[in-house]
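Now for the letters of each chain:
There are 4 protein chains.
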Amino acid sequence: MAKSRFEYVKQFELEDILLPRCWIVIRLDGKGFTRFSEKHSFKKPNDDRALLLMNRCAVEVLREFQDIRIAFGESDEYSFVFSKTSTLYGRRSSKLVSLVTSCFTANYVRWWPEYLPSQPLQSTPVFDGRAVCYPSDEILRDYLSWRQADTHINNQYNTCFWALVHSGKSHTEAQERLKGTLTEHKNELLFSEFGISYTKLPAMYRKGSVVIWSQELKTVKHTEDGTPVQRKVCEPLVCHDDIIGEKFWLSHQEILKC
Amino acid sequence: MAKSRFEYVKQFELEDILLPRCWIVIRLDGKGFTRFSEKHSFKKPNDDRALLLMNRCAVEVLREFQDIRIAFGESDEYSFVFSKTSTLYGRRSSKLVSLVTSCFTANYVRWWPEYLPSQPLQSTPVFDGRAVCYPSDEILRDYLSWRQADTHINNQYNTCFWALVHSGKSHTEAQERLKGTLTEHKNELLFSEFGISYTKLPAMYRKGSVVIWSQELKTVKHTEDGTPVQRKVCEPLVCHDDIIGEKFWLSHQEILKC
Amino acid sequence: MAKSRFEYVKQFELEDILLPRCWIVIRLDGKGFTRFSEKHSFKKPNDDRALLLMNRCAVEVLREFQDIRIAFGESDEYSFVFSKTSTLYGRRSSKLVSLVTSCFTANYVRWWPEYLPSQPLQSTPVFDGRAVCYPSDEILRDYLSWRQADTHINNQYNTCFWALVHSGKSHTEAQERLKGTLTEHKNELLFSEFGISYTKLPAMYRKGSVVIWSQELKTVKHTEDGTPVQRKVCEPLVCHDDIIGEKFWLSHQEILKC
Amino acid sequence: MAKSRFEYVKQFELEDILLPRCWIVIRLDGKGFTRFSEKHSFKKPNDDRALLLMNRCAVEVLREFQDIRIAFGESDEYSFVFSKTSTLYGRRSSKLVSLVTSCFTANYVRWWPEYLPSQPLQSTPVFDGRAVCYPSDEILRDYLSWRQADTHINNQYNTCFWALVHSGKSHTEAQERLKGTLTEHKNELLFSEFGISYTKLPAMYRKGSVVIWSQELKTVKHTEDGTPVQRKVCEPLVCHDDIIGEKFWLSHQEILKC
Chain A
53 MAKSRFEYVK QFELEDILLP RCWIVIRLDG KGFTRFSEKH SFKKPNDDRA LLLMNRCAVE
113 VLREFQDIRI AFGESDEYSF VFSKTSTLYG RRSSKLVSLV TSCFTANYVR WWPEYLPSQP
173 LQSTPVFDGR AVCYPSDEIL RDYLSWRQAD THINNQYNTC FWALVHSGKS HTEAQERLKG
233 TLTEHKNELL FSEFGISYTK LPAMYRKGSV VIWSQELKTV KHTEDGTPVQ RKVCEPLVCH
293 DDIIGEKFWL SHQEILKC
Chain B
53 MAKSRFEYVK QFELEDILLP RCWIVIRLDG KGFTRFSEKH SFKKPNDDRA LLLMNRCAVE
113 VLREFQDIRI AFGESDEYSF VFSKTSTLYG RRSSKLVSLV TSCFTANYVR WWPEYLPSQP
173 LQSTPVFDGR AVCYPSDEIL RDYLSWRQAD THINNQYNTC FWALVHSGKS HTEAQERLKG
233 TLTEHKNELL FSEFGISYTK LPAMYRKGSV VIWSQELKTV KHTEDGTPVQ RKVCEPLVCH
293 DDIIGEKFWL SHQEILKC
Chain C
53 MAKSRFEYVK QFELEDILLP RCWIVIRLDG KGFTRFSEKH SFKKPNDDRA LLLMNRCAVE
113 VLREFQDIRI AFGESDEYSF VFSKTSTLYG RRSSKLVSLV TSCFTANYVR WWPEYLPSQP
173 LQSTPVFDGR AVCYPSDEIL RDYLSWRQAD THINNQYNTC FWALVHSGKS HTEAQERLKG
233 TLTEHKNELL FSEFGISYTK LPAMYRKGSV VIWSQELKTV KHTEDGTPVQ RKVCEPLVCH
293 DDIIGEKFWL SHQEILKC
Chain D
53 MAKSRFEYVK QFELEDILLP RCWIVIRLDG KGFTRFSEKH SFKKPNDDRA LLLMNRCAVE
113 VLREFQDIRI AFGESDEYSF VFSKTSTLYG RRSSKLVSLV TSCFTANYVR WWPEYLPSQP
173 LQSTPVFDGR AVCYPSDEIL RDYLSWRQAD THINNQYNTC FWALVHSGKS HTEAQERLKG
233 TLTEHKNELL FSEFGISYTK LPAMYRKGSV VIWSQELKTV KHTEDGTPVQ RKVCEPLVCH
293 DDIIGEKFWL SHQEILKC
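Residue numbers (our numbering), protein chains in the order written: chain A, 53 to 310; chain B, 53 to 310; chain C, 53 to 310; chain D, 53 to 310.
Note that these hints are calculated values from the structure, not bench results.
Honestly, I wouldn't trust all of these hints.
No copy labels: a pair is met if it fits in one copy or bridges any two.
Stated by the list, open to error - Calculated pairs, BS3-like style, for lysine-lysine (alpha carbon to alpha carbon, straight line, at most 27 Å):
{"hint": "1", "residue 1": "Lys299", "residue 2": "Lys231"}
{"hint": "2", "residue 1": "Lys231", "residue 2": "Lys95"}
{"hint": "3", "residue 1": "Lys62", "residue 2": "Lys309"}
{"hint": "4", "residue 1": "Lys299", "residue 2": "Lys252"}
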């Protein structure tokens, strides 16, 4: 059985290297999650259990790929930002996209019972992924701002929409009611009609979730006389900070450092 | 919060369309599965439970992506062949690679307890994926032959290696013993020293697993008087046929048909 | 002066290899040739001198790149088809595109005075180029048919348009007159109004130009007693055959042979 | 003649857009110029006429593509740097590569008689081209430094080599003599054996050629009473400055400005 006769087929695998010294964003998106979330009775507009499961997956992805500097998630999507100097897997696009997507998905199924114990999986959750390069810190920040601004816009709309629906309106009526309304009006509507103060909603809903590395002192062992030996370890940390303004970046300068 | 100011970052997402009218192979590979298989006490050289789980995942992938014509798996890898006329997701490479990898991985974790009930997951299984285009039927067949020839070579080596190890040799001794041996000698060694007739080993070990579509008559409902109403349905079917020779392709001409 | 400190910039040159075993078409197009042809008083709708110069350039390109199997030209464009098994320059797209474009352009300027002796160059002619892969013989033939069908459509329109203009109509009037007319009507118009029998126009205008390799006996030297020594040599040959139908391909089976 | 039946072949033209907001370098290289320069008796190690012709072509390329910010040339190669914000031809790689290469080549042939009047073209000069993206100003400067450092290294070697050859050594002897010599030794050798003070050689040989835009006052017309009307115009300017150090970039901050 001549193996070598077929070996030539390997040359059809073409290189797909991402430009060096650019930030690499791998963005994942749930496939058909509108349907998936209905099937699993996700609370609308936001289901804490589902969001916390997403965050847990992101934390596990950071643990697996330590070249990730920051991640941002909302709803059924998550973006992972690899250091611009990362040379992981030779910066091959399909390697990075597939591994991150696979790792995230595997954790989603693995930890599902821990976050939604009363809700057995009815169908298999699937995510797609893509890689995008950003050549400068400024543009990378604009990318992250784009996602966080999007989170706000979607959440504000969804909060209104579901408040109307829960109050008895049909989906179509709710849509009609919101057509063309501006940001200010939506907050007003929420307050006047439903007594909801938008800015007091949980930050996770309004700002999405940010995962960064945090240095912590961890007791790694005890000496014979019982004294704890501590070491600084890096652990992924989830927060819901504003990442559009300067403040966050001033307090976390290590994220963009090379 | 001006969303539009950030929207320009979308233009950094570049197209990665796979050449039309080529066969698209998406090949998945387990990441660090040597370690993963040890941690989960996979039987060596072949663990039926693990192989059947891989096959189950492949079947689920075919159910999800019906443009797949044939799949081939061995050990911790699986190749999925999309029809050359498929326009699924506009033939975008990262979409196809990530979705197939994600779907496979999700099923791997989801159905793990069914196939390895006594073996809880100790770590998260991760797969990488890549897309390769093959411009002709002939080259596609050479690709599949390459993988099946590889299955044989690996399995023969592994069967010898683990027979030696199970007989008391160290890993290094087993390696030394096999260095430079030819196919004929390996079969002889297996037979004379261990009484193993290589060709009588299960086809799944020697030939890998092939998944194709099979038309079956299925009872879809019963009429009022109880008569079963049947319909032809396509279902993924796993077999372990030789796909290097002509015979398989003559009996399954629909696979390569456009 | 540390050279090595800067060498890292080489890694930004990413691979752009064209899929193996596909036909490679390099198509060139004149940049701004409407203006260029006016400036150099090209005869309308077809200027023999300009077309013959294009053909000469194509011939020189074939002489330089012998992996080209066939070329097709019309107006200010030319397509060069590299053998699907060609490995010239490792099938790097930018190498092939730039070299073919450069070679064509250099010859265009070099041989201009020979073809348009009374017309000195007033500006610099520039061509763009692109590479396209075609996975099968059938699709390659459809590509070439597409270009030849386009030649016919353009030439028929232009012949009508310029006949109207030369008869005293303005450009706008000529356009108006032709809006929405079908193929049959255009030929009728040409015949009834201008006595032009379309099918009797030169094949070069109607069918474009095809360059293939032709084997010729060539006298390479003479023996002492004066006997000519002949050898078969391959030389590019320009013809204006129909390449849409079967006939051409039956008589020139070597073009698509691997 | 159904045009539409063939139109599908257009979809095989895949996008090759260069990452936005990166500097685009198009680098050209003469094909087989060792042979070309011998055939046309170029003076060794540097032929002023040939270098000035290269520079003239570069100037014409800048005139044609005003998004070019700076160009650098040495020997038979030239690099053109497009503004990182350029959207010329949608940043399509093959468009940019082919047009720049074609424009350069056309000018090379067109202006050849002006720069080498006594030397008719014996063969057709051909250049290849490639596109490379650089994500930051700093890396772009390193690219340019790399080319200028290379100019120095090559020129120093060639100056020694040809001095030895012109003094009667064979090519092989000259190579042997220079094997492994360091920069300092080469300058010493030139001075002690040939009385050549390396640093006094023309800057064009040692530093290569830099083309930038220069603002000049130009008389565009005269008023009725004869007063000249002047306007600032941008014209390409060739210099031979050091572009590795800071000084050049401090005096030409407009080059990197967005």
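Here's how the hints hold up against the structure:
no.	hint	in the structure
1	Lys299 - Lys231	neither (34 Å within a copy, 58 Å between copies)
2	Lys231 - Lys95	within (23 Å within a copy, 60 Å between copies)
3	Lys62 - Lys309	between (38 Å within a copy, 23 Å between copies)
4	Lys299 - Lys252	within (21 Å within a copy, 55 Å between copies)
Of the numbered hints stated above, the single one contradicted by the structure is hint 1.
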